[in-house]
Every structure is written in C-alpha cells, then in structure tokens.
Amino acid sequence: QSALTQPPSVSAAPGHQVTISCSGSSSNLGAHYVSWYQQLPGTAPKLLIYEDNKRPSGIPDRFSGSRSGTSATLGITGLQTGDEADYYCGTWDDSLRAGVFGGGTTLTVL
Amino acid sequence: QVQLVESGGGVVQPGRSLRLSCAVSGFNFNNYEIHWVRQAPGKGLEWLAITSYGRGFEHYADSVKGRFAISRDNSKNTVYLQMSSLTAADTALYYCAREPPRSDCRLDYWGQGTLVTVSS
Numbered sequence: 001q002s003a004l005t006q007p008p009s010v011s012a013a014p015g016h017q018v019t020i021s022c023s024g025s026s027s028n029l030g031a032h033y034v035s036w037y038q039q040l041p042g043t044a045p046k047l048l049i050y051e052d053n054k055r056p057s058g059i060p061d062r063f064s065g066s067r068s069g070t071s072a073t074l075g076i077t078g079l080q081t082g083d084e085a086d087y088y089c090g091t092w093d094d095s096l097r098a099g100v101f102g103g104g105t106t107l108t109v110l
Numbered sequence: 111q112v113q114l115v116e117s118g119g120g121v122v123q124p125g126r127s128l129r130l131s132c133a134v135s136g137f138n139f140n141n142y143e144i145h146w147v148r149q150a151p152g153k154g155l156e157w158l159a160i161t162s163y164g165r166g167f168e169h170y171a172d173s174v175k176g177r178f179a180i181s182r183d184n185s186k187n188t189v190y191l192q193m194s195s196l197t198a199a200d201t202a203l204y205y206c207a208r209e210p211p212r213s214d215c216r217l218d219y220w221g222q223g224t225l226v227t228v229s230s
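Residue numbers (the working numbering), protein chains in the order written: chain A, 1 to 110; chain B, 111 to 230.
Simulated from the structure, these hints should not be mistaken for lab results. Just so you know, even glycine gets a beta-carbon here, dropped at the ideal spot from N, CA and C. There could be a bad hint or two in this list.
Okay, the calculated bits of chain A under chain B, using three or more residues with CB under 8 Å as the criterion [as the list claims (entries may be wrong)]:
#	region
1	86-92
2	99-106
DSS-like mimics (lysine-lysine), calculated; alpha carbons at most 27 Å apart, straight line [unchecked claim]:
#	chain 1	residue 1	chain 2	residue 2
3	A	K46	B	K153
4	B	K186	B	K175
5	B	K153	B	K175
6	A	K46	B	K186
Bound conformation, chain B alone (with noise of 0.2 Å):
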C-alpha cells in the first residue's frame, strides 16, 4: 500500500541546520510530486515546497525560500528537506504528501510527520 514516512525531526539549536526524510513505498515514485507541508503547533497547515521529477522543477513557500531545499533521490525512493538557519518560528510538525501529476496540488496520500522543535 501507499506509505510516506518521514524522519530526521528532533531538537535544534536556533541557528543550526536540519535534514528531513520521506521515504515512499507502494507506488512508483517517478510519477508522482512530492510536497512537504508543517503545522506549527495549534496552528493550521503551511505549504513549504515541492519536488517534481517528471516536470524537473522545484518550488518553495516564500517563508522559507533560500533557507530551504528540497531533493529527491530516485534510486532510494526518498525526498529531503535541508533546512538551514532554523529559528524558532520554524517549530512544527513537518509532513511530505503525495501529488498525482498535474493535479492542482491534490495531496492524496500523508506521512504521519516528523516533529521539529528549534530552541536553545
């Protein structure tokens, strides 16, 4: 069945760096888009970014341009979100989804998220 799962979360000093996993299972991974959204805590959801391989493109929320990126290794079947110069606005639960292509960034399939927590 369709899974993502995602890792790497944890405890970070404001200022540090931080890499996120999603690795999918249960459908082929080329075909689809895959995005990373983040709840901060009691707060609603926040489009981060997103990873095209068929369209060769990579998009990002302005709130977190140019202090995040965000790669796909296909031979692992696995997404990354590198996040840089983390402060404490950046505190969340981190999720990747799934798009199917050209689907007005429909997320069907959800990891259960990993929790990123940036404090001194």
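Chain A with its partners taken away, still in its complex shape (with noise of 0.2 Å):
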C-alpha cells in the first residue's frame, strides 16, 4: 500500500479538462513539496511539476499543481491524445525517511 494515495484511473474527452488527486499525511505532504511525472507508455517518468505548482523548461502551461494540507492535485487542460499516460505523485516522508510515491492514475482520453 502506497504511503500517497491516486485514483488509479480517470478519463476524459480530448480538449476537456482532468485533475488527479494525491492524498497523503503530515509526515509527507504536510511537510513537504510535492513532485508530479508522467510516464508515457514503455519510456522512463518525467518530472512534470514540482515545488507543488512549477514546471521545468519544456511542460507546457496545460499542466499546473497545487498543494494543500496533506493533499495534492494536477490539473491537465486542453487534453490531448498524446496526455495518455501514468501519473504518480511523490515526495519525501520523514517518518519512513524515504521516499514516497502514489500508487499512479492511467489517464485516457477518450
């Protein structure tokens, strides 16, 4: 069982909007950043969003992050055929002291 907990799917039309949710406690989420990836099918993740709501050089404005108390959610906009992939939550954990991942939400669009 995964310390950050993701709807394990979610779907929508291409151009519609989705959120994944990422729900965790205060060890994780409550007291640090949240990072988001994106794993396309049969490639490696991709760091997507992180300090909560940034994008690295690259991840178009479709793409956005929030954070707060012990949960997190992206939000992808205008979707697109080529959005269909995993997405996993992750932070650190100072209890475990480890690093912590969600369980990841395919997403498909429709």
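Two chains, two frames, some hints: make the complex.
So, in structure tokens, the structure goes:
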C-alpha cells in the first residue's frame, strides 16, 4: 500500500480538462513539496511539476499543480491524445525517512 | 547534457546477488543526491534508496533494508546498488534518478532503466 493515494484511473474527452488527486499525511505532503511525474508507455518517468506548482522547462502550461494541507492535485487542460500516460505524485516522508510515490493514475483521453 | 545510464541488469537465480550501476554525466555529481526507483511489470513506481554525498547519508525503503546497499564512487561518477537475497518479488525495471539538494525528493532526471529478472 502506497504512502500517497491516487485514483487508479481518470478519463476525459480531447480538449476537456481533468484533475488527479494525491492524498498523504502530515509526514509527507503535510511537510514537503509534491512533484508529479508523467510516464508515457514504454518510457522512463519524466518530471512534470515540482515544488507543488512549478513546471520544468518545456512542460506546457496546460499542466498545473497545487497542494493544500496533506493533499495535492495535478490539473491538465486542453487534453490531447498524447497526454495518455500514467501519472505519479511523489515526495519525501519524514517518518519513513524515505521517498514515497502514489500508486499512479492512468489517464485515458477518450 | 545530463545523463544517467543504468547497467548490470539481467537474469539471476533466487537467493543470488546482483550489482547495478548508474553512470552519470553532464553535471557535478558531488552536488546531487542519487536515488534508485524500481517498477515491477505492470505496476507503479517504488522508491528504493538514496545516497547523498554532500549530506553524508543513505536511506532505504523497508522492503529492501538489510538486503540492498547503495554506494557511490565519486572518482567514476557512478552509483551502485548491491542487491542480495533476491526473490521473484525483486523482478523489475530499476531506474536511477537525480535529485537537486534539499528539494523534497524532486527527481528531475532519470535513466532509461535496467531490467532485473529473478528466476530459476
């Protein structure tokens, strides 16, 4: 069981928007920034969002993030078929003294 | 450019050991933490271990503590993951990833992974 909880799957139509939630605890999301990763089929994960809401160079502003208390949210607007991927939240956990990931959310663009 | 390249994966029998390598280039190795993360077939990401040269620590996931050991050779810009007492549950694609210092486990660059299959 993951320290961070994500919905297993979300779906939406092209052009629409979707949000993916990530729920944790006071020792992880309650104390540390969240990062989000996108993993396209057959590829390594790629950093999508860091420090809750910042985008690395090259990541379009269709991707956004937020964190409040012990929860975080990834938002994607203007969905494209190329956004179909697995999305993971991650951070550090002070109690475990370990990195932690959510179980991952599969995005389907119908 | 920043690169992390894993190697050392393969097929290994249950109970045996294996050492993975992560060769890095394109950045000052001493200034970054390096993590190992694995992904079992069809499953999610599982964090395994971190080595921090600057802060002088290693930490491990409970699932591998006592069986896996992370180390780094700064002269070779390489991080290792020594794995022992392997079981079928350790079958996975193993990634190394870079974290800028004190960035709450922000993994900004990843390697392509090396596949470990534990099977008799």
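Going down the list of hints, with the structure as the test:
no.: 1; hint: 86-92; result: holds (count 5)
no.: 2; hint: 99-106; result: holds (count 6)
no.: 3; hint: A:K46 to B:K153; result: holds, 17 Å
no.: 4; hint: B:K186 to B:K175; result: holds, 25 Å
no.: 5; hint: B:K153 to B:K175; result: holds, 21 Å
no.: 6; hint: A:K46 to B:K186; result: holds, 25 Å
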